[in-house]
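Number of protein chains: 2
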Amino acid sequence: MSPNTPDGAETVAEVGEFGLIDRVTRGRPQPRTTLVGPGDDAAVVAAPDGRVVAGTDVLVEGVHFRFDWSSPEQVGRKAVAVNLADIAAMGAVPTAVLVGIACPQTTPASVIEELTAGMWQEAARARVGVVGGDMTESATLVISLTALGDLRGRAPVTRSGARPGDVVAVAGKLGWSAAGLAVLGRGFRSPVSVVGAHRAPEPPYEAGPDAADAGATAMIDVSDGLLADLGHIAAASTVAIDVRSDLVEVHQRLLDVASALGGDPRHWVLTGGEDHALAATFPDPHGVPDGWRVIGTVARGQGVTVDGAVYSGAAGWQHWR
Amino acid sequence: MSPNTPDGAETVAEVGEFGLIDRVTRGRPQPRTTLVGPGDDAAVVAAPDGRVVAGTDVLVEGVHFRFDWSSPEQVGRKAVAVNLADIAAMGAVPTAVLVGIACPQTTPASVIEELTAGMWQEAARARVGVVGGDMTESATLVISLTALGDLRGRAPVTRSGARPGDVVAVAGKLGWSAAGLAVLGRGFRSPVSVVGAHRAPEPPYEAGPDAADAGATAMIDVSDGLLADLGHIAAASTVAIDVRSDLVEVHQRLLDVASALGGDPRHWVLTGGEDHALAATFPDPHGVPDGWRVIGTVARGQGVTVDGAVYSGAAGWQHWR
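Protein chains in written order, with this note's numbering: chain B, 1 to 321; chain Z, 322 to 642.
The hints are simulated quantities; they were obtained by calculation from the structure and are not laboratory data. The beta-carbon is built from N, C-alpha and C at its ideal position, and this holds for glycine as well. Wrong hints could be hidden among the right ones.
To be verified - Which bits of chain Z does chain B cover? Going by a derived footprint, with three or more residues having C-beta under 8 angstroms, they are: (1) 350-364; (2) 417-423; (3) 459-470.
Required output: the full structure, derived from the provided sequences and hints.
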């Protein structure tokens, strides 16, 4: 593994588990919701709502990220972003993240320090604490994250509440990460806008609670690709979803990249994962909150269509397939 | 990897991520505290206290467990037990666990089904739900767990509250897992009592909240070894801890194993990790609750001694050392 490792760089084995935990936690500020932070058997986090939202993600080097394409800091930012987006997709406000890191003994300590610095950075952007974690040895670098969130009195927005007559809307970028991946796959490093979106997406966390407040009937984090994730809503809600391609914005930057590389920008938007946009259904097209864009409709039936027809490209991503 | 893989066994790649998640979650009961269970972006768990206790652990094949020594089911039980013990060590009652599994594409699906069956089994023993998770691909089998717990109005018991004059007490088995590891290391499979304690420890979850109710001033889960973990309390509390060897019970079974293998049973008790007993300090020796055994005292100073002297064996376990 690992980027630009100078010979003789201090390894995690040399620093030791406890030394490394100290380095990556010492002096880091915690929000008021962190009642007991890192360094004890477990953390204690405020859950004023009386319920806690919790989701976990596992990211693996070579599967979810590559250090020749992303810096450790970018990987850390992305790992936290991916995880917090799941909390937002329930309509909750993220409150905390816990981090597990398993890595080879030979990993430079600086890589773990930069990785966790990226995690702290994204956690700060979302105003949450990194409240606990675990570090251990593994032949493969594996990062596990668990995010917690507070519903602030809202009903959680699941995948199963979409109803015929609802409209479908999205918040956040779509297709940018896929475009960035296409650029990196060709050996380029720019345009920075799309490459950056792949390396460290910035999910619209506030859009989740906003959607819940506006009466969203179902919501999901777009991690597998828009059509695949709308398929999860359609299946869980036992409805059909149709996306209108003329409503799906394809940003000029994506058109530029596609024309340079020869890709299909609309395919990136419809099937690219990892942007961690949010998709939701709303009963009233006029009640869709700021930051959300209507892209389709919900009807009786099943499955997802684009302009009334089954989309012919691959629909999305799942592991071991 | 992997135990007794018949040629042609169905792999996780053949079943697919979503198929496997369905297999390991379908029909599993959830306690009433699970408000939204597996299958959505995140789970929702009751946190009636208004605070949530959360801890995370990462277990790696070949580092924390070996499938030639433990069955997948035993590994699953242990993974959950290890994680829930951290919640108990804060004085909280466990409420939920989230599971991340990263494994090679060639892993037999049956291994993951048995592993998760063991997780459900230990979760049921502790009356908690397996409320969510993530499954993905990795060259190394890595299990990450996050447990949640509820304090039921108690103050959390951290590592930093021990005071001179307190007594030190323990609840649960000590040395049994180390004895089991010694047995397995010599190629034996019995006595089952100690081997079983290594394969799937049964932490005394109730002893944690009991200690909190009895006014415990500090508490820790014994995962690195008794002396090492008391060292964490001593350091966090800025006190000295002395263990009296005549008060430390060495069970007859450990004496039997030691006499057969030639090991030092007291060394297993003082330094063996992985039993996930609890150690705590109490202001009043007469106020130590049932199930707890006094083994030492807290004084001004620093560090941990046995009968007033520094213990000469290795003190415990940390990773990459």
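Comparing the hints with the structure gives:
Counting residues of the stretch 350-364 of chain Z whose beta-carbon sits less than 8 angstroms from any beta-carbon of chain B gives 7, enough to reach three: the coverage restraint holds. Coverage of the stretch 417-423 of chain Z by chain B holds in this model, with 6 residues showing a Cβ closer than 8 angstroms to a Cβ of that chain against a need of three. Interface restraint, the stretch 459-470 of chain Z with chain B: holds (9 residues with C-beta to C-beta distance below 8 angstroms; minimum three).
In summary, this structure violates none of the numbered hints.
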